[in-house]
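J.: Assemble chains B and C onto chain A, guided by the hints.
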Amino acid sequence: MEGYTIIISDNMKKIIQLPEDKSKLILKGPTGSGKSTVLLERYKYMVSDLKIPSEKILILLLNRTQSLEWRTKTLLEASGAILRTSYYGFIQGEIKTYYPVLLKNCGEILNKNVKPVFLTFEAAQFLVSVVIEWRRQNQGAFEGVTSFTDRLAIDLTSNLVRAAISDIPYKEIGKRLYSALEKKDDIKKRIYEEADDILKRYRKRCMELGIFDFGMAVELYNSCLLKDESYKNQLFKRIEHLIVDNIEECVPTEVDFIKLLLPSLKTCLLGYNYEGGYGEAFGSNHEYVKKELLDKVKSVEINKTYTCKEFMTEFSDMLFDNIQYTKGEKYKIRTEIERVPPFELRSEMLENVGERIVNLIEDEGYKPSDIVVISNYADPVSEFVIARELEKRGYEIKNLTRKSRVIDNPFSQGLITLAQLCHPTYGFMPGRDDVKSLLRMVLKIDPIRSSILAGEILSQRPFAQFPDIEFPGLVERVGYYNIEKYEYIREWIREYRERDNPLKINEFFQKVFLEILISKEVSQKDILEAKKLIDSAGSFVDVVTRFNRNASRDFLDVVRKGIKSGESIFELEEKLSGNFVLLSTPVAYLASSLKSKVTIITSLSSSNWTPRSVKEITNLHVLTKTWDPKEIYTEDIEEKNQKHYLAVLMRSILKRCQDKLITFESVLSANGYENDGILADYFDEMLI
Amino acid sequence: MINDLRFAQYFLFTQHSLSTFEKCPLKFKKRYLENLKWENYLGDEVKKRLELGNNFHLLAYRYFQGIDPGLTQDVEGFEELDRWMASLINNFKNDELKKYYPEYKLRMSKGNLRLEANFDLIIIDGDNILVWDWKTHVKDKKDREKDHQLQSIRLKKSLQTMVYLFVLKEQSEILTGRKIQCENIKMHYWQPDPPKILAQINYSEKMHMNFEKELLERIESILQYEYSKFDKTQYAKSCKFCEFNWFCNNERINYSAMEEDEDFLEELDWDDVEELT
Amino acid sequence: MGLRKGQKELVQQYRGGYCAIPAIPGGGKTHCLSLWAVEMISNGLHKPGKILIVTYMNSAVNNFKQRISTELQKKGILGTKDYFVSTIHGICLQIIKEKPDLIATNEEFNVIDGVSKIHLISSAIDEWKRHNEQEFLLYLDIDGFSAQKMSNIHKNWHDRLCNIMLSAIGDFKIKGITAQRARELCKDISKDSILHWACQIYDIYDRKLKIGGFLDFDDMLFNARKMLLEDEHLLNKYQKMYSYVCEDEAQDSNYIQSEILEMISNGNLLKVGDSNQAICGSFSSSDFSLFKNFCQNPATTVYQITQSSRNTKDIIDIANYFVKYVRERHPVLECRESLLPQYIEPVDENDPRPNPEIDKFGIKAAIFESWEDEARAVVTKVVHMFKKDPQKTAAILVPSSWRMGFIINILDSMKIPYEQLENTSSEKNKTVRKLGRVIDFIALPESGAKLFDMLEECFLKDSYEENINDSESEEVKEDQKEQLRKFLKKYPIEKLIYPVGGEIDNADIPDELLKKDVWNDFLDSLHMIRELLEFPNAIVEKLILFISEKLKFDREERAIAQKVAGDVRYLMSQDPHWKLSDLALELLSPKNIFNFFSGIVWELKGYEPKPGVITLATYHKSKGLEWDIVFLTGINNEDFPASLEDKFVGEYWFLKDKFKNPQAIIKSQMNCLLNNQEFKDYSLDLKLETISERARLLYVGITRAKEYLFLSSHEQNKGKKNQVLPSKYILELKRYIEEVEN
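Residue numbers (the working numbering), protein chains in the order written: chain A, -11 to 676; chain B, 13 to 289; chain C, -14 to 727.
Chain A extracted, bound-state conformation:
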């Protein structure tokens, strides 16, 4: 997306060209003021003009989208290594390099290898969910809790992360959460104790094996490396300059880390969007930033906004005030702010969103990439319904949020089906639909004949396999196409099953992919999907095997249950730079640095705009550094937090909207219940 240019003012130029020493600055500004541009230009200036070795400059960014932008925008004629990473990426690198120091300082790790292993989120959640599920079924754990095991696993692992990034000892998680509860009872007490116990054991086991998830890595880095004098000295020597964008979204330990570096730094430039702070769900803590960092460094403010027009600035600020401070100000409605009256059904709303987009493109001259659709779900149904409306006219919509599962890709599904056929002992019987699709894909036969053949394959005893095609009647019905390929696959599977030891699943996938599935007709996208599957299987197996599990089998299980597929930097780049309409959740949109000409907000009246921060076994505000453990987290606090979040979120979204805001809503939600969120009320009250 494009469409706005930031003009570098003299003031900005001064910042960019600050000297190479004693230049520490916080650059304050609202959304769209050009902070990031200044940071980028400053970096280029430092390397190219000030000749500062690039490996002395640490650049901390929020996520891949930002990193991608930096990569494409920083072209340096000459440089050393570029130290540009996320906070977590930095920690991983440090732990890997300084592992011996860490081992020396931490007695809990039994596995003394050259380097540690890091768990992916998926693997961590899987491992925790295995324990939870077993305890729920067999020991009555979490009795009284209405929630899926997967959800609990996600919350438990996130608790560990939240505690770590807020420097709260993991042993105190349950106690802290429980004591903040407004309504305490024995059931809840037991739930937190059980949660603590599971985490304790999980953590212990991981530590012994030298395998760390995100939370543990942060914890170990802070407690075992940053407390080590020799490490600290080296760190101060290695890093002389610091550039951080969006410090308002930093997690508390990252803030501490920046604070720790500050005195020894020669220069630093910290970008600060005082209107930000939407990332609290990921542990960012704007309050802590204000408290700990802002007064430590001199700050300069730039406040011209380039990404939205004046009326939108006014509107978004007013909406913010109305939500945050209940100001009740009125705004005279104008055509750029279009409030489409509610539809009865959500389906109607979605279809109309699609039609409106076509309209915007064809009648109002917008490009597809000028338009972003913000949806709290950004679910496949929304995506498909809008996509179909657009497709009719030859336009495309892409979902910025990762929602697609591995098994959504027919090609990856084919790999999984073959894995099931080749590993009968894993006990996963492939489904008929899957075998059918596989046959269609590899043999290129029509759906009916592949269905007949699939039926034959599945009816083989004792386990599904490719039957002899010459079997009377079969070949006559199925036809004589591709018998050679059929025989090849049949033989391949037979041979494979005779192996003494099955391959690791990722190796299997790769072998089967290269030897059976691939052909010249296979699309680039499919190959990439398969590759992602192989890669994620690889990292999963590598880690989970260490827990003495049949990780290959586990992976098949996890995949069938629908884990999301990864996204390569290539795909991300495509989404960000192509001429598509984008669909995104609010947070994913804000985490990118995208702007848009037309912002369409769907389901304005849904209550999902104000998610609760209190969940059945977590509370993101209590597991944070700015929370006083002696306090009770009351409903008033929650209400305030929800409103604050909504206010910040909306303002940030609107300030990235240049021309036009269109809101859509429906009376009934996807499940047929009445929508009753507060956001629509604010719009109602405000617009006259």
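Source of the hints: derived by calculation from the structure; they are not laboratory data.
Some hints could be false.
To be verified - Here are the simulated lysine-lysine pairs, DSBU-like style, with alpha carbons at most 30 Å apart:
id, chain 1, residue 1, chain 2, residue 2
1, C, 590, C, 82
2, B, 111, A, 215
3, C, 82, A, 391
4, A, 613, C, 82
5, C, 193, A, 163
6, B, 111, A, 103
7, C, 35, C, 590
Said to hold, decoys possible - If we take Cβ atoms under 7 Å as the criterion, some of the chain A residues that face chain B in the derived model are:
id, residue
8, 63
9, 66
10, 67
11, 68
12, 88
13, 100
14, 503
15, 506
16, 519
17, 564
As the structure is a prediction and not an experimental result, all values here were calculated from the model.
Just so you know, even glycine gets a beta-carbon here, dropped at the ideal spot from N, CA and C.
T.: Frame of chain A; chains B and C shown alone:
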């Protein structure tokens, strides 16, 4: 692909990508432009050796960074690593007067000369710059002198030598703050077990000019290459070592052949670590 | 505004405090409640909060909404901010969504639908049976049955247990007993006792429910109350949100619901109801004395509505006669209070909407030899009536939904238009069924039967009339589709849809079929069938939306298709074994997990009886509705028991005598255990309750009719153990009718 990465200014060429292109432009396209880097399916033996090599690089890095390498008896492959580290320490005694840059990366972008080099070790000794590269997976062939000579010649002419020395000379100012003469630059290929310098290259102005010319030619030929004109038969000799063999020729991949191929093993070297996480 | 006695007082005078509107059937409750709300809103009297109206069914919710918004629009008021109409479950859901964590529930919880609930309890019972085989068999009276028969009985008992257990679990929940507490309780009960089993099964069921992320309806009520009780902040919020709380159909309220509304209302509580129409009693926890007591509360202002213009005077008379009969001469003394002495009065002579008048006596009663005879006679009669006056509306009411099947068969075979008042009705299920047929075929495309079913549902015409000059008989006329069906069943489908040479080999096709319209229609649909088959089905939700597009679904159908698509992902993640054929099976089952949503979508239009179309409904579902002509069928002694000797729904013939009514046993045991009382046999109470409620149900039925009323019943298995006889009521009413007529 809407974007052809070859033309993206941030796309830097490495010795690996250049040599891949030389072997087969299509393989280059798959690997570097379409991002299809397969984790190669190898025998356990080879994998173990690779892991050892990687670990050695890490330990060496720590050694030069002044961190305890952390080699204990609990470490897998302790005996070999111990031997290798002993010979490393023996050959590279820390000298206060020298500056050590382990695992150092240099990047440049001068017109089409967009290059990146990842050095195992650079030592700055006054006006001299020494480059060291660890070769840890040389196969246990019989230690024949002839092989060595061949290898030495091969290494001297290799793309690695070319890219490393060229980039280093061009960017020497970053390291030292001043321009360094070619004659003051040397590169060594070193194996720890038995400790031995496999090749030593003394750089020269002439080499530098030749390298520049050749690198530019190579890069330009990549940039100008038209994939529609790809002729498979020209590159057939690499096919049997190639993971895309099935894709191109519908032929099974001969993994054991791959394992025999030294070039291939070279490629598996301590590869460039993605900087984004 | 045309307000009558009672209605007028409400609209003009009620401005706060407790108020009750006891109303006779046809008294225009919805009408006057809506007008009251409009009056309040248009004068701003409802501020600062909104008016909350709680009613029973979604159709009633939409009815209220439409009426209020139409009236408000007339006054130039747009928007829906001033009032909220909801079912009690809608309110509870809203309350729980406020802070699900308070009850240790994930925000993404689902309300379990009826179908899944049965699945869940059934699997809980299976799990329990694995360790309690002996207990399971304990109650069965199985001497002298064949193995085949035994297994049927086992299955039957299992199915009955599902309902018995659900009802017991409901009781537990309403009483606030958690699964954990139940587990502790059962330590003191003998393992042979059905209450002991109920405790164990509750425990298993509850675990499954929670792991599945579900709350059931009882959980919703109980938890909403709990939250309001415990959380002052929440309660305040709701009290502020709603200035007035109106409860419609208050006679069917239960204790928890009343308590919730009482709490929220903060003193401004309006209840509208008719004690004589309380029909949700004996097997749910509702309690019609709640409304009675509310009316009797000295703090309550009562405005009676006694006039109705719905029915002819004759029908009013028979309704009043029935009340009088029950009160004065009911065979069971204890049941005489089941109807209160509220008699319906016709409206005044000069009322703008007078009672209907017809030129003859419009009430009949008849008793038939069998249910089949009764059903046939009823249908014949409706057809006859429609022929005479196609502008009339008519309904056939049946005591339980299983009885509808046979009537539907007759209606289908005679091609008479009808509409079912059920979420599971074929009309409301049409969308889901179409999707089901297509997916069923895609899952097994080589099946000719599935291909035909899909064709018939989605592509073929309803009927294929032969040319008029074709002199063949009626039988052959129906045969076109049948011919195609028979052919598809035998012929390899791949040769039709994907013929090897690209062309269907016409030599294989029977000549007589080739010439038919149906064959041409089939050929015309081939292109789309191929498109459907070839659409990638890795992403099932996409496939569903594609089908919806291809079959040109309309607005409501698309909404349902999107709902199905949205749920598929969830269903598949819950059970990775889910296949297309499983989805098809679910979609094709008349009771499926999408019933609820389909119901909501179709009810958005509201129900309006259509002239010339028969409405088929249970007595229960007929509440609040009216038709010109009403048939009350199945007035037998099983469904409308009038003496203690009659058969009762809760008694099972295959159980040993002392265990005949397991539900009553559980109730008795539970009461004895929880209240530390002496054991008391509740089967008598339960019977009395049933008799009373059924009497009211019949009263509801009678008062649905505007002009014509037909009462019917039948005999079955006379003299056998499982005999069914006409209810005493119909005999009594028949006598009355004959008396009046003469």
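J.: Under 7 Å, Cβ to Cβ, is where residue 506(A) needs to be relative to chain B, so tell me if that hint holds or is violated.
T.: Since chain B brings a Cβ to about 5 Å from residue 506(A), closer than 7 Å, the hint holds.
J.: Was the hint right that residue 564(A) lines chain B, CB cutoff 7 Å?
T.: 11 Å, violated
J.: Regarding the pair residue 590(C) and residue 82(C), is the alpha-carbon distance no greater than 30 Å?
T.: 27 Å, holds
J.: Would the hint on residue 67(A) be counted as holding, given a Cβ-Cβ threshold of 7 Å to chain B?
T.: Hint holds; residue 67(A) Cβ to chain B Cβ min 5 Å, cut 7 Å.
J.: Next pair to validate is residue 82(C) with residue 391(A); report whether the Cα-Cα distance is within 30 Å.
T.: This hinted pair holds, its Cα atoms lying about 25 Å apart.
J.: A closest beta-carbon separation below 7 Å is what the hint needs, so does residue 519(A) meet it against chain B?
T.: 6 Å, holds
J.: Tell me if the straight-line CA distance from residue 193(C) to residue 163(A) falls inside 30 Å.
T.: This hinted pair holds, its Cα atoms lying about 28 Å apart.
J.: Are residue 88(A) and chain B close enough, Cβ to Cβ, to be under 7 Å, as the hint says?
T.: 3 Å, holds
J.: Restraint: residue 63(A) near chain B, CB-CB cut 7 Å. Satisfied or not?
T.: 5 Å, holds
J.: Against chain B, run the beta carbon of residue 503(A) and see if the smallest gap drops under 7 Å.
T.: 6 Å, holds
J.: For the restraint on residue 66(A), tell me whether the closest CB of chain B is nearer than 7 Å.
T.: Interface hint status for residue 66(A): holds (5 Å vs cutoff 7 Å).
J.: Does the alpha-carbon distance linking residue 35(C) and residue 590(C) stay inside the 30 Å limit?
T.: 24 Å, holds
Hint 17 from the earlier list is the only one contradicted by this structure; the remaining hints agree with it.
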